[in-house]
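With the sequences and hints as input, model every part of the structure.
Number of protein chains: 2
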Amino acid sequence: MTYELYYWPDIQGRGEFIRLLLEEAGADYVDVARLPARQGMGIAALMRTLDSTTIEHPPFAAPYLRAGERVIGQTANILLFLGARHGLAPRAEAGRLWAHQLQLTIADLLTEVHDCHHPIAGGLYYEDQKREAKRRAADFTANRVPKFLGYFERVLAQNPRRGGYLVGGRLSYVDLSMFQMVAGLRYAFPRTMARIEPELPGLLALHDRASARPRIAAYLASKRRLAFNEDGIFRHYPELDR
Amino acid sequence: MTYELYYWPDIQGRGEFIRLLLEEAGADYVDVARLPARQGMGIAALMRTLDSTTIEHPPFAAPYLRAGERVIGQTANILLFLGARHGLAPRAEAGRLWAHQLQLTIADLLTEVHDCHHPIAGGLYYEDQKREAKRRAADFTANRVPKFLGYFERVLAQNPRRGGYLVGGRLSYVDLSMFQMVAGLRYAFPRTMARIEPELPGLLALHDRASARPRIAAYLASKRRLAFNEDGIFRHYPELDR
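If you read the protein sequences in the order shown, they are chains A and B.
Each step along the first sequence adds one to the number in the numbering used here, with nothing skipped, and position 58 is 58.
Each step along the second sequence adds one to the number in the numbering used here, with nothing skipped, and position 83 is 83.
It should be emphasised that the hints constitute simulated quantities derived from the structure, not laboratory data.
Misleading hints may appear alongside valid ones.
Since the list can't tell identical chains apart, any single copy or any two copies may satisfy a pair.
Unchecked claim - Okay, derived cross-link-like pairs now, SDA-like style, lysine to any residue, Cα gap no bigger than 20 Å in a straight line:
(1) LYS147 x THR54
(2) LYS147 x ASN159
(3) LYS130 x GLU23
(4) LYS147 x GLY123
(5) LYS223 x ALA25
(6) LYS134 x ALA121
(7) LYS134 x LEU124
(8) LYS147 x GLU197
(9) LYS134 x GLY123
(10) LYS147 x PRO9
(11) LYS134 x ARG186
(12) LYS147 x ALA61
(13) LYS134 x GLY122
(14) LYS134 x PRO36
(15) LYS130 x HIS118
(16) LYS223 x VAL30
(17) LYS147 x ARG135
(18) LYS147 x THR111
(19) LYS147 x SER52
(20) LYS147 x PRO58
(21) LYS130 x PRO58
(22) LYS223 x ALA142
(23) LYS134 x HIS118
(24) LYS134 x TYR165
(25) LYS134 x GLY42
(26) LYS147 x ILE55
(27) LYS147 x GLU56
(28) LYS147 x GLU199
(29) LYS130 x MET41
Just so it is clear, the structure is predicted and the values come from calculations on it, not from any experiment.
Here it is as structure tokens:
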């Protein structure tokens with residue numbers, strides 16, 4: 001079966017967390033909205049499901065995944081589903097829920113990253129909420145990033161299986177998501193990260209270990225990996241990074 | 001086994017979604033932070049786990065649940081765990097993930113409710129971000145509430161089991177959460193809700209049906225149900241409800 005991933009074609013965004021899992025798993029997938037409209041793909045295909053007034057499980061927003069007859073939405077929920085199927089999450093329920101709990105905390109941090117440049121409305125341009133963005137980002141970089149990343153560093157330290165992974169003794173999708181979070185924060189907030197990275201040796205080692213995995217390294221070097229840019233969630237606006 | 005729920009003692013907040021499930025299930029639970037400190041309970045007990053540098057699965061924030069030896073965090077994750085145990089979610093994986101997907105979308109809406117009165121920083125007072133709050137709430141009430149609730153109304157309409165529940169043919173924890181969402185939005189944004197309620201007959205019927213269930217009705221009439229207030233997530237600031 002070929003998975004169909006539906007996400008906006010020009011940004012990493014939330015879709016990237018799913019792409020990283022699919023790439024590490026070596027799964028067969030197509031990134032539908034990045035394929036030509038003349039093949040029935042493209043953004044029109046993505047919108048068809050979002051606007052459907054007939055399907056039983058309509059997603060609220062992209063990303064969503066088609067797996068055979070099933071349509072699954074919400075990034076963390078898709079990872080919960082795929083992680084179990086591809087050996088990238090613990091098999092026992094307790095470990096699976098723990099991995100998911102961490103993923104939901106990563107999702108909370110990601111929402112705060114987004115709201116740094118869009119504190120007023122997703123439907124307005126950054127330029128229309130720049131003053132508010134500066135205020136929000138000042139709190140985010142001073143308080144929120146250190147609090148969240150300090151928490152994840154503590155999770156690594158308190159994991160009794162001392163392998164350097166967030167969950168248990170081997171790589172899970174949560175580690176791939178944490179790689180993406182560190183990479184994105186470094187892109188968007190290089191000054192902030194330079195300041196706090198000395199406190200985060202475990203997360204930095206995890207970032208390096210995840211990106212060195214053969215399939216992830218090949219993916220990152222490929223055209224499938226979109227570059228960070230100022231349309232995505234991680235945006236480098238120097239005025240927000242103090 | 002007695003569940004221990006850990007959440008801030010003076011607000012409904014995110015903890016309320018878990019309380020509603022536990023009440024409907026008739027589960028045995030204690031609301032730890034609302035019990036006396038001299039019994040080893042209270043906020044100090046809540047903080048002990050959050051600050052622990054030894055436990056294997058530290059939660060990032062309240063609410064969290066203790067179930068025997070397990071500590072589980074993230075509201076939607078706790079509901080995923082409890083829903084399966086108490087017959088308040090579908091048994092099959094596809095239905096269980098669909099219920100969870102809807103719960104995560106409710107969580108997204110709840111975060112936007114919170115950020116209406118705290119668009120800049122959770123650590124600042126409302127009064128210190130009132131101007132930004134007005135701008136954010138204007139977009140929230142005009143665009144976001146109608147979009148989210150319109151989506152859930154569509155989910156009800158597209159559910160092939162025409163029982164008026166969000167998931168399948170019987171009550172799930174998602175319905176209880178939707179009751180809470182409608183009740184909270186009515187409290188915080190009465191003008192906005194009065195304007196859009198004519199478009200939401202399914203959700204309003206669901207709200208009434210959920211609150212009429214014997215255990216929920218008894219809970220809502222009891223002292224265990226805290227009143228909405230301006231320390232919680234749903235706050236009635238008339239200047240934000242236009």
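**Prompt:** Is it within, between, both, or neither for LYS147 and GLY123, if the alpha carbons may be no more than 20 Å apart?
**Reply:** Answer is between; shortest inter-copy Cα gap is 12 Å, intra-copy 28 Å.
**Request:** If the cutoff is 20 Å on CA atoms, where do LYS147 and SER52 land: within, between, both or neither? Let me know, please.
**Result:** between (40 Å within a copy, 15 Å between copies)
**Asked** Is the C-alpha distance from LYS134 to TYR165 at most 20 Å within one copy, between copies, in both cases, or in neither?
**Response** neither (34 Å within a copy, 43 Å between copies)
**Prompt:** What label fits LYS147 with PRO58 when the C-alpha limit is 20 Å: within, between, both, or neither?
**Reply:** between (35 Å within a copy, 14 Å between copies)
**Item:** Intra- versus inter-subunit Cα pairing at 20 Å for LYS147 with ARG135
**Value:** The answer is within: 18 Å in one copy meets 20 Å, while 27 Å across copies does not.
**Message:** At most 20 Å between alpha carbons: which applies to LYS134 and GLY122, within, between, both or neither?
**Reply:** both (16 Å within a copy, 15 Å between copies)
**Prompt:** Within a copy, between copies, both or neither: where do LYS223 and ALA142 come within 20 Å Cα-Cα?
**Reply:** neither (35 Å within a copy, 40 Å between copies)
**Request:** Could you place LYS147 and GLU56 in one of the four classes (within, between, both, neither) given a Cα distance threshold of 20 Å?
**Result:** between (40 Å within a copy, 18 Å between copies)
**Message:** With identical chains, the pair LYS147 and THR54 could be close in the same copy or across copies; at 20 Å between alpha carbons, which is it: within, between, both, or neither?
**Reply:** So LYS147 and THR54 pass the 20 Å test across copies only (18 Å; inside, 43 Å).
**Request:** Could you place LYS223 and VAL30 in one of the four classes (within, between, both, neither) given a Cα distance threshold of 20 Å?
**Result:** within (14 Å within a copy, 53 Å between copies)
**Asked** Within a copy, between copies, both or neither: where do LYS147 and GLU197 come within 20 Å Cα-Cα?
**Response** Within one copy, since 13 Å is at most 20 Å while 39 Å is not.
**Message:** Reference check for the pair LYS130 and MET41, CA-CA at most 20 Å: within, between, both, or neither?
**Reply:** neither (35 Å within a copy, 44 Å between copies)
In the structure shown, a violation is registered for the earlier hints numbered 3, 10, 14, 21, 22, 24, 25, 29, in ascending order.
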